[in-house]
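Number of protein chains: 2
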Amino acid sequence: MYGRKPVLEALQTAGVKAFRLHLAQTNKQAAILEQIEALASQQGAEICYHSRAELSRISKNSKQDQGVCADMVCPGFADLDHFIEHNQNRAFELIALDKITNPQNLGMIIRSVAAGFCDGLLLPEKGSAQIDPLVIKASAGTVFKAKILRCPDLPNALAKLQSIGAKVACLAGDGDPTFANIDAHKQRVFVLGNETDGVSAETNKASDYRVAIPMNNGVESLNVAVTASLLAYRKHLQ
Amino acid sequence: MYGRKPVLEALQTAGVKAFRLHLAQTNKQAAILEQIEALASQQGAEICYHSRAELSRISKNSKQDQGVCADMVCPGFADLDHFIEHNQNRAFELIALDKITNPQNLGMIIRSVAAGFCDGLLLPEKGSAQIDPLVIKASAGTVFKAKILRCPDLPNALAKLQSIGAKVACLAGDGDPTFANIDAHKQRVFVLGNETDGVSAETNKASDYRVAIPMNNGVESLNVAVTASLLAYRKHLQ
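Just so you know, the protein sequences line up as chains L and U, in that order.
Mapping of the first sequence onto our numbering: position 168 corresponds to residue 174, and the numbering continues sequentially without gaps.
Mapping of the second sequence onto our numbering: position 200 corresponds to residue 206, and the numbering continues sequentially without gaps.
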């Protein structure tokens, strides 16, 4: 992650740590930089000084890094292959995102999934909002605590999960509100579609079921972060 | 409500109607005004023309009304006294808001509560965000369909509800995650506090219970709109 205030706030969050702090040699002295360095040192992070050009290569966003980058400890991050290897024969329920591009929504989804009772959030690199300062803020820092499974793209990820027996259910307005069929399987993936377009045609075609959250009073859809929260708490909240 | 685009969008929403359209006589001809007038006429709304000064008195926001106001049909709106009169001896579950000031959150809460399974949203006039175009947008137009109970202020409203036997539960991080005690009563009110400060001391003191949504992975709180959604769907989603 990058940016002075975002990095400082992350380091100040309980349970969140950096393992490496990158600073530009061109940074002028500033109270916030001293705070960042002190916190990173306390946490045992390695502190590295780079030329401005080198730091840009690390942050990949020289316009907004403000001379500060941090490699964060994210114990919940894993790639999907690793997850599959360790959960082939166990029950699990995942929530997968199909082209969620609004950082506010992505952050809220991460926060709710982290707090809730599902086994992870499947976040494809292709088509999703990047985990940037906006997302980190909207997640209230929970992005560093959440079980987030990364994969290059969603269609291949879903195919891999189906190959071990998991069933894939798209959320769709006209889906089955009982969840009965999907619930009959012990390995399940719920796919949430883009804020405007819903689940993509490709994902829809590959899915095993279409399910819906029941809605009253003629409401036609829920916010995607709210839907994620209801799924994450579906079985467990009383 | 007021503003050209907000009024137009509201009139275009399925199931949403105006019963009176107010226009400033000083409005210059514009395609959007013709659209608004045509839709309002189709819906049988009365169309009134006012001086600019008179319209300002109606919109109460001359800077943003753009010469257009509409009185909307909100069949779900009621005041709390009316609700109490008709539900004294019935079971109900309400969600009450204690100083929710962020329009985005208020809109999302209205949307989720409208879709969910509780009996209404208790929205005090004092201390809450106003139902303005931002809220209407964030609610995805559901503000016109939701059961919203208005009351002047929260403390008196909660006292009235308690006087007919309802129990009041504040959401609090250190509350009871089982909801067991509150669930023993057939008339219940959950109070959600302000985004930063939580439930106010006054409300806390007056409440019968403190309850909590269980959270994993060291997450300390949920977004208030997510909490409202979980409460609205708590008993009914499977």
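Since the hints were derived computationally from the structure, they do not count as laboratory data.
Careful, some of the hints might be misleading.
A pair holds if it fits inside one copy or across any two, identical chains being indistinguishable in the list.
Said to hold, decoys possible - Okay, derived cross-link-like pairs now, SDA-like style, lysine to any residue, Cα gap no bigger than 20 Å in a straight line:
1) K143 with R63
2) K66 with Q136
3) K143 with M221
4) K105 with I53
All figures in this text were calculated on a predicted structure; none of them were measured in a lab.
Identify every previously stated hint that the structure contradicts and give their numbers, smallest first. The structure conflicts with hints 1, 4, although it agrees with all the remaining ones.
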